[in-house]
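Q: Next come the chains, spelled out residue by residue.
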Amino acid sequence: MKSSRWIYLGLSGAVALATFLATALLMNIRQRKQEAGQRYVEIARLTEDTVDPVEWGKNFPREYDGYKRTVDIERTKYGGSEAFSKLERDPRLKRIFAGYAFELDYREDRGHAYSLKDQDETERVKQRPQTGSCLHCHASLLPAWRKLGGGDVIKGFELMCPMPYAEARKLVTHPIACLDCHDPKTMQIRVTRPGFLNGIRALKKSQGIDNYDPNTMATRQEMRSFVCGQCHVEYYFAAPHKRVTYPWAKGLKVEEIESYYDELKFSDWKHAETGAGVLKAQHPEFEMWSQGVHARSGVACADCHMPYMRSGALKISDHHVRSPLLNIERACLGCHPFPAGEMKARVEIIQDRNAKLLGRAEDALVALYDEVKAARAAGAGDDRLGETWRLQRRAQWRADFVNAENSMGFHAPQEAARILAEAIDYARQGQLAARRAR
Amino acid sequence: MSRFLRLLPSVLSGALVGVCFFTFHFAEGLSYFSNDPNACANCHVMREYLDSWQKSSHHGHAVCNDCHSPHAVVPKLWTKADNGWNHSVKFTLQSFGDPLRIRAVNTERLRENCVRCHEALVEDIRHAPGPELDCVHCHAGVGHGPRR
Numbered sequence: 001m002k003s004s005r006w007i008y009l010g011l012s013g014a015v016a017l018a019t020f021l022a023t024a025l026l027m028n029i030r031q032r033k034q035e036a037g038q039r040y041v042e043i044a045r046l047t048e049d050t051v052d053p054v055e056w057g058k059n060f061p062r063e064y065d066g067y068k069r070t071v072d073i074e075r076t077k078y079g080g081s082e083a084f085s086k087l088e089r090d091p092r093l094k095r096i097f098a099g100y101a102f103e104l105d106y107r108e109d110r111g112h113a114y115s116l117k118d119q120d121e122t123e124r125v126k127q128r129p130q131t132g133s134c135l136h137c138h139a140s141l142l143p144a145w146r147k148l149g150g151g152d153v154i155k156g157f158e159l160m161c162p163m164p165y166a167e168a169r170k171l172v173t174h175p176i177a178c179l180d181c182h183d184p185k186t187m188q189i190r191v192t193r194p195g196f197l198n199g200i201r202a203l204k205k206s207q208g209i210d211n212y213d214p215n216t217m218a219t220r221q222e223m224r225s226f227v228c229g230q231c232h233v234e235y236y237f238a239a240p241h242k243r244v245t246y247p248w249a250k251g252l253k254v255e256e257i258e259s260y261y262d263e264l265k266f267s268d269w270k271h272a273e274t275g276a277g278v279l280k281a282q283h284p285e286f287e288m289w290s291q292g293v294h295a296r297s298g299v300a301c302a303d304c305h306m307p308y309m310r311s312g313a314l315k316i317s318d319h320h321v322r323s324p325l326l327n328i329e330r331a332c333l334g335c336h337p338f339p340a341g342e343m344k345a346r347v348e349i350i351q352d353r354n355a356k357l358l359g360r361a362e363d364a365l366v367a368l369y370d371e372v373k374a375a376r377a378a379g380a381g382d383d384r385l386g387e388t389w390r391l392q393r394r395a396q397w398r399a400d401f402v403n404a405e406n407s408m409g410f411h412a413p414q415e416a417a418r419i420l421a422e423a424i425d426y427a428r429q430g431q432l433a434a435r436r437a438r
Numbered sequence: 439m440s441r442f443l444r445l446l447p448s449v450l451s452g453a454l455v456g457v458c459f460f461t462f463h464f465a466e467g468l469s470y471f472s473n474d475p476n477a478c479a480n481c482h483v484m485r486e487y488l489d490s491w492q493k494s495s496h497h498g499h500a501v502c503n504d505c506h507s508p509h510a511v512v513p514k515l516w517t518k519a520d521n522g523w524n525h526s527v528k529f530t531l532q533s534f535g536d537p538l539r540i541r542a543v544n545t546e547r548l549r550e551n552c553v554r555c556h557e558a559l560v561e562d563i564r565h566a567p568g569p570e571l572d573c574v575h576c577h578a579g580v581g582h583g584p585r586r
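First to last, the protein sequences are chains A and B.
Those letters in the first sequence? Residues 1 to 438, by my numbering.
Those letters in the second sequence? Residues 439 to 586, by my numbering.
By construction, these hints were calculated from the structure, which means they are not laboratory data.
Mimicking DSS-like on lysine-lysine, the simulated pairs with C-alpha atoms at most 30 Å apart in a straight line are: (1) Lys344(A) to Lys68(A); (2) Lys528(B) to Lys68(A); (3) Lys33(A) to Lys514(B); (4) Lys253(A) to Lys205(A); (5) Lys86(A) to Lys373(A); (6) Lys528(B) to Lys344(A); (7) Lys315(A) to Lys493(B); (8) Lys493(B) to Lys33(A); (9) Lys204(A) to Lys253(A); (10) Lys33(A) to Lys528(B); (11) Lys518(B) to Lys33(A); (12) Lys528(B) to Lys315(A); (13) Lys155(A) to Lys265(A); (14) Lys315(A) to Lys518(B); (15) Lys205(A) to Lys265(A); (16) Lys315(A) to Lys33(A).
Here are the simulated distance ranges between beta carbons: (17) Lys493(B) to Gly99(A): 56 to 62 Å; (18) Lys33(A) to Lys493(B): 23 to 29 Å; (19) Val543(B) to Lys33(A): 28 to 34 Å; (20) His525(B) to Ile154(A): 49 to 55 Å; (21) Leu11(A) to Phe462(B): 19 to 25 Å; (22) Cys576(B) to Leu11(A): 54 to 60 Å; (23) Ile540(B) to Lys33(A): 21 to 27 Å; (24) Ile154(A) to Gly579(B): 42 to 48 Å; (25) Gly467(B) to Phe338(A): 36 to 42 Å; (26) Phe460(B) to Tyr8(A): 25 to 31 Å; (27) Asp120(A) to Ile540(B): 49 to 55 Å; (28) Ala16(A) to Gln532(B): 23 to 29 Å.
Being a predicted model, the structure only gives us computed values, none of them experimental.
No residue lacks a Cβ here, since even glycine has one placed at the ideal position from N, Cα and C.
Full structure from sequences and hints, please.
A: Put into structure tokens, the structure is as follows:
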């Protein structure tokens, strides 16, 4: 009797457990089916004035979750998202940027979530007067421009650019966020930055296409790079209104941008050690990428920096925008059928070679400065340094173009090597010219 | 009372069997015995593979099973059971890596199916010394269209 009671209890327990598991499986299948069937639930009403990403996150929790992760602090071999000082890591840069705000503070940039905070805190803004132009890429500011321009975004942009930074800063609240790349009604990606709209129009005009508008004329795959190219580009503040301008009217290559600046007789600053009028490259990722094999193969920025990922039954693009080296499986292996370690090694071979070449270019620049110093000590005046200055400007622009570009050569390895070879050559030619000036 | 207790196990087991049958039905379990390519995308992860197959050169000639399963009944059912078990466990527990990679045993099944149709064409290269060549190493886009 007793043993049959145990069998009875045991059997009931087993049936209960099996029912529990079968029901759990049933609910899991139901959840996945629901996920697959629905794109999103509209909880918040999003408009052109919804700046706060929290609101967007109510409708798109998965994407918002990724966006919030851009606060991470990570290191890759040469970059990442930790704000280490580039000046401390490479003291030659202090001499290369002598007389310019970058000799005060030059750090690795952090994620999108920090884009406004880091702009507020850099010594380049604290110690040197800057303008509202900076906010073009550091804040989510379409509504602010619209308000300032009395309903006209472009007019608001033109008015904000010349304002003192502190004054313009009061008009914005959030770093780069959803509204900057997405239409709040349709979620289509879009380009909102006047600097890019004007720049790409000028570029396309040089290729024979008039009145180019990416928002109506670009393919979806092009847009997946253009949204990033709104800010990750070379730019300057055009006189007299400090208007953010992308120097693309002659093309995107390093010498085409240089000739654009030469024609305008534009210099960012006068080099404090030599007196040459030189250029500062900003972060020409879009330009460098456009010269590389990935761009040629139709691979967009978002393919590697925001690769597709699975979330339950859904496929979304990862809004945790970051270095692909921190996400090799999804970023690289979707196209390259090799182990992650192999892909990392390939990237690092490219970057190591680029870093060595870049070091040589910087050594050559520093040698040029020393030669100018010696020439001046021997009595050479400004009137005899014209040729040296011209060559320094060429060399400095090229070395900085590769240094400021945030891929350590990876976006276009051969192009980066070509640029650095020219930089070394121009710097050494400049050194010879300075010697002749004695 | 004791009569009710004696009936309870059969009531409970009946409920369990009912839940299991409903789960099987809800998960479209029978569809897995078919040749319908849409059945593979029941497991939502396969959606993009179904999509890319529709854009491939083979979509008019071969469905999923033609390439990914053996054609004799028993090996076919065994392949479905083997992969079905792995896929459902991993998808339910969300314990799989990205991107998905074909297992060696499935690569072999796939290759046998390439040869099954294209034997007349590849007969000569198959007799070259050394290991069997993997067709999709070069012909990567024939089954699943452009990569992205």
